[in-house]
Amino acid sequence: NAGVIQTPRHKVTGKGQEATLWCEPISGHSAVFWYRQTIVQGLEFLTYFRNQAPIDDSGMPKERFSAQMPNQSHSTLKIQSTQPQDSAVYLCASSWVSQNTLYFGAGTRLSVL
Amino acid sequence: GQQVQQSPASLVLQEGENAELQCNFSTSLNSMQWFYQRPEGSLVSLFYNPSGTKQSGRLTSTTVIKERRSSLHISSSQITDSGTYLCAIYGGSGNKLIFGTGTLLSVKP
Numbered sequence: 110n111a112g113v114i115q116t117p118r119h120k121v122t123g124k125g126q127e128a129t130l131w132c133e134p135i136s137g138h139s140a141v142f143w144y145r146q147t148i149v150q151g152l153e154f155l156t157y158f159r160n161q162a163p164i165d166d167s168g169m170p171k172e173r174f175s176a177q178m179p180n181q182s183h184s185t186l187k188i189q190s191t192q193p194q195d196s197a198v199y200l201c202a203s204s205w206v207s208q209n210t211l212y213f214g215a216g217t218r219l220s221v222l
Numbered sequence: 003g004q005q006v007q008q009s010p011a012s013l014v015l016q017e018g019e020n021a022e023l024q025c026n027f028s029t030s031l032n033s034m035q036w037f038y039q040r041p042e043g044s045l046v047s048l049f050y051n052p053s054g055t056k057q058s059g060r061l062t063s064t065t066v067i068k069e070r071r072s073s074l075h076i077s078s079s080q081i082t083d084s085g086t087y088l089c090a091i092y093g094g095s096g097n098k099l100i101f102g103t104g105t106l107l108s109v110k111p
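Protein chains in written order, with this note's numbering: chain A, 110 to 222; chain B, 3 to 111.
What the hints contain is simulated information worked out from the structure, not anything from laboratory work.
Just so you know, these numbers come straight off a predicted model, no measurement behind them.
Please note that a few of the clues may not be correct.
[Claimed, not checked] In silico SDA-like links for lysine to any residue, alpha-carbon gap of 20 Å or less: (1) 120/A to 42/B; (2) 56/B to 194/A; (3) 56/B to 32/B.
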């Protein structure tokens with residue numbers, strides 16, 4: 110089992126460009142989460158899918174951020190018109206069901222110049 | 003306010019000393035989880051502990067739901083224990099983990 114796989118590990122974008130982050134959850138896990146980590150805010154919840162359906166996106170900035178899960182083997186987080194304040198480590202996690210042990214990927218470090 | 007509070011914020015130990023990390027939560031609890039974040043950033047699940055006491059090697063987690071707290075005890079600390087320890091709760095009716103700000107542990111030789 111390779112664990113949760115996130116790509117790329119590092120991404121550098123210019124202000125105003127688009128960034129797409131990828132996540133492959135652990136096979137068989139039905140719950141997929143996206144979090145963002147910064148030194149100032151710590152770990153913040155962004156969005157959650159269960160069986161590929163969006164369940165809770167209360168942590169997503171309403172503009173510019175979107176997440177999808179087109180199939181059970183991957184999810185994407187897209188940030189349009191990136192801003193310097195979007196710089197963070199974006200973490201994907203999965204679990205068998207919600208409210209169960211959560212397994213995190215290594216994260217994607219996004220730097221917006 | 004902050005739903006999950008951890009203490010201490012940072013801790014320095016000599017190798018071999020024990021540590022007790024605290025996690026207090028201000029909301030009702032469905033379950034909680036302890037994580038270890040390595041210095042390079044990767045997160046490792048230590049315990050999924052909704053209640054009671056669980057032990058794994060030198061680590062012991064105790065959660066007391068009615069007192070809204072959980073603790074993580076590290077015995078005979080090692081240099082490789084250095085990193086950030088995070089607690090997180092599944093609170094209320096939510097399905098998402100809410101994280102504390104962490105305890106930064108540094109173990110010196």
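Each hint, compared with the structure:
no.: 1; hint: 120/A to 42/B; result: 16 Å, holds
no.: 2; hint: 56/B to 194/A; result: 39 Å, violated
no.: 3; hint: 56/B to 32/B; result: 17 Å, holds
Of the hints listed earlier, the one the structure fails to meet is number 2.
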